[in-house]
Amino acid sequence: MSTQILMPALSPTMERGKIAKWHVKEGDSVKSGDILADIETDKATMEFEAVDEGRIGKILQPAGAEGIAVNAPIAVLLEEGEGKDDIAAAMQSIKDALSAEIKPAAAAPKKESVAATPAAAPQAQQAARENGARVFASPLAKRIAGQSGIDIAALTGSGPRGRIVKADVEAAVKSGVRPQAASAPGGATASGVGVTPIPDARLFYSKDEYDEIAHDSMRKSIAKRLTSAKTLIPHYYLTIDCDIGELMAARTRLNARAPKGEGAYKLSVNDFIVKAAALSLMKVPEVNASWTETAMLRHHHADIGVAVALEEGLITPIVFRAEEKGLVEISNEIRTLSERARAKQLKPQEFEGGGFAISNLGMFGIKNFTAVINPPQAAIMAVGVGEERAVIRDGKVVPATMMTVTMSCDHRVIDGATGARFLQAFKGYVEEPASMLL
Amino acid sequence: MSETFDVIVIGGGPGGYVCAIRAAQLGLKTAVVERERIGGICLNWGCIPTKALLRSSEIWHLMHRLKEFGFSADNLRTDFGAVIARSRAVSERLSNGVQGLMKKNKITVIDGEAKLTGKGAIAVSKDGKSTDYTAKHIVLATGARARTMPHLQPDGDRIWTYREALVPKSFPKSVLVIGSGAIGIEFASFYRTLGAELTVVEVLDRILPAEDEEVSAFMLKALGKQGMTIKISTTVEALEKNGEGITATLKTKDGKTETVTAERAILAVGIVGNVENLGLEALGVKIDKTHVVVNQWGETGVPGLWAIGDLVGPPWLAHKAMHEGVIVAERIAGVKGVHPLDTSKVPGCTYCWPQVASIGFTEAKAKATGRAIKVGKFPFVGNGKAIALGDVEGFIKTIFDAKTGELLGAHMVGAEVTELIQGYAIARTLEATEAELAATVFPHPTLSEMMHEAVLAADGRALHI
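Chains as they are written, first to last, in the numbering used here: chain A, 1 to 438; chain B, 439 to 903.
For reference, chain A alone in the conformation it holds in the complex:
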């Protein structure tokens, strides 16, 4: 039996991928573990290995093909001895599958089309709507939906370009699903208390007054993830000032002792902050957690994401088990991760997940800012510049090197006092770095 090689899901959030390069061609024999192709997602390029052995019968998606949905067939793998006819048979089954995919309305009471786990294509469309985009539906479909109490925005369109047509609404009515209630956890129902979509910005400017830069997949991913994070997570913010005079001095001393050549290091303020945050997470484990609808996930280790600015966006690679690592190890790891992030070489498991994140804009002179939580994490710390400020100590104005940090907390996970205890611990570590040794 020939098998279809499908677009792999290289990370939990991957929806679509691009075939950057094929390492095999039609007719090549492959065995398990051979590299078939380089797959590019919005964040990284990864090698895709063969699982089975056989011969590449047909490549369905050429190198350079973009936006291929996860689990869409990209090639046909033949067993030894199979030939042309088997390709034809495989192609036919692929075509049948595709036609089934594009005509969900015909597939009887297809409940998943209105539930939370649709196929890749519908997902993209759903996502567009989360951003307040226009719902494309025929006038007739809209009217029938209104009359039947169906929330049209929750449906998947089978018409041209995913337009919702009469058949889609009728299928939803038939299936007995009333997505109106299901899709409105926040109470925003068709009663009119909904979110007003933001009008297209082009409406406000004449065409010769701007350039239009199409979104790449990273931009889309940022927009989508941050919009849902900022909309769905109840953020609140805690700000604290830290005197980092001791930290700066320790840093200077340690860097001065750095060996040349092998074992060289150069610690940054941020390396200290990552270490301090890691230890604080150990001290206040309630912060090192993730929200789920049924339970809190309290993490065992301090896996800390460090935001890295890229030319085309940003990414947050993770320093795993930071509580177990020394400053030099953390420092070197962050440097390597940043370099690989800029080269788009990160694997998804290196930037997805984590329990906490740090975003540092100090190098730009930013004094204080707030960051958007990157789920599944429950908190992110925004770090400002370390600078000389006049502070009052024992009734006297004295100079001190101060740094302001603001932590964004997911209130479902971290209550105010818990967050405050964490920052207190953090402040303790950075103001007296030696205490990190305790």
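Some clues are possibly wrong.
[Claimed, not checked] For the chain A half of the interface with chain B, some residues (derived, Cβ under 10 Å), not all of them:
no.: 1; residue: 386
no.: 2; residue: 390
no.: 3; residue: 392
no.: 4; residue: 427
[Claimed, not checked] Not everything, but these chain B residues come out facing chain A in the computed CB check (under 7 Å):
no.: 5; residue: 842
no.: 6; residue: 843
no.: 7; residue: 844
no.: 8; residue: 867
no.: 9; residue: 869
no.: 10; residue: 874
no.: 11; residue: 877
Please keep in mind that the hints were generated in silico from the structure rather than gathered at the bench.
Predicted, not measured: the structure shown is a model, and the values here were computed from it.
A virtual CB, placed ideally from N, CA and C, is assigned to each residue, including glycine.
Fit chain B to the known structure of chain A by using the hints.
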């Protein structure tokens, strides 16, 4: 080794050549096999040459109304040979045009008659020579021909099918048309307008039986007024040649018989699919009453063998065949998002005088679905442009679902309605409701304003009546 293609289309009619063009556009190596002339019946013996003839008859009709428009002329004469010659020239020009399209799209045109010799294999015979070809996909588009019956056999001389009716050697003084579908009525209209004594026989109780009842009734009256004799609920028992013409024995529903004589008879009692000598049986292709059985995608059930157009069944319309051709080509190429053809969105046109055009459900069929409907009607006589044209005969009728506002059907009789019906086809395809149609601005003064009024009328709010 036989020449191999990605797609071979058998039959170069509108379904076949369009399928080939689309396949070629999608990068498939494509060939078309045609035993006669590329363009098929439509271009050579159907839609196109009849339209050329009807144009001539229209002009003749207007020439008899010159006074009304402020002109006079005498000694009006017909050169019937020139009328036919023009019709042939029009066909010739379009057939050459399609040949050009084949060339432009690098489609191989194979001259001859094809027969399937196995899965993905055909033999094309021409002048006693046979050549083998193979293809990953074969699309059958062999079309249809006039239906005959044991007692209704064309002889090519006095008893005609559409084919002879298109190229008569001389103008017949009297014609008997058997069958009142679109083809029968178009020929009846043409020959009547040019002055032939005309009788139409229809077995059912109304003419243009596929149309809305109101349209049939209107046309019965209109054609009667033009001097046509129309016998409904009547069968032709026998058709014989006698002397210079034919004699038909007719029998009415209540058992009365009568005879009608005419110079010529035209058989227009339907069509049958060209399923013979294709090698279909050997491959196990299912055939139901001369039509190849296919699924919604044109698949015959034999892998790689597809069928489209008249061959697979009604509606027997070139534009339906073309659309199916595109669908099949796209399915073969694996294009995503292809939708099956919804025949309730295929408009139908009859080019008689006045013209008839329609889409979707008739009123009776809409009612039969059990839903509440609302019907709007607007007559040509209420339209400024129609009056200016001097064509006040006709009406436009719309049928909506009373609850959802879906445009279930639209029916039109009158001047140029065949050019108007596309507006309602777009509305149906885009699923517009009466609200969007009512909100659409139609230009004044045009016949299309009646389309707007007929929509408004469904809600009792037509403005000009």
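Hints and how they fare:
For residue 386 of chain A, the interface hint is violated, the least distance from its beta-carbon to any beta-carbon of chain B being 55 Å, above 10 Å. A distance limit of 10 Å between C-beta atoms decides the matter here; for residue 390 of chain A the minimum to chain B is near 66 Å, and the interface restraint is violated. With a cut of 10 Å, the hint placing residue 392 of chain A at the interface with chain B is violated, because the nearest CB-to-CB distance is about 69 Å. Taken as an interface hint, residue 427 of chain A does not check out: its beta carbon lies about 57 Å from the nearest beta carbon of chain B, beyond 10 Å.
Hint status for residue 842 of chain B: holds, given a least beta-carbon distance of 5 Å to chain A, under 7 Å. With a cut of 7 Å, the hint placing residue 843 of chain B at the interface with chain A holds, because the nearest CB-to-CB distance is about 6 Å. Hint status for residue 844 of chain B relative to chain A: holds, with the closest Cβ pair at about 5 Å, below 7 Å. For residue 867 of chain B, the shortest C-beta to C-beta distance to chain A is roughly 9 Å, which exceeds 7 Å, and the interface hint is violated.
The restraint placing residue 869 of chain B at the interface with chain A holds, with a minimum CB-CB distance near 3 Å, inside the 7 Å limit. Annotation: interface hint on residue 874 of chain B holds; nearest CB of chain A at approximately 5 Å, less than 7 Å. Annotation: interface hint on residue 877 of chain B violated; nearest CB of chain A at approximately 10 Å, more than 7 Å.
Hint violations for this structure: numbers 1, 2, 3, 4, 8 and 11, all remaining hints satisfied.
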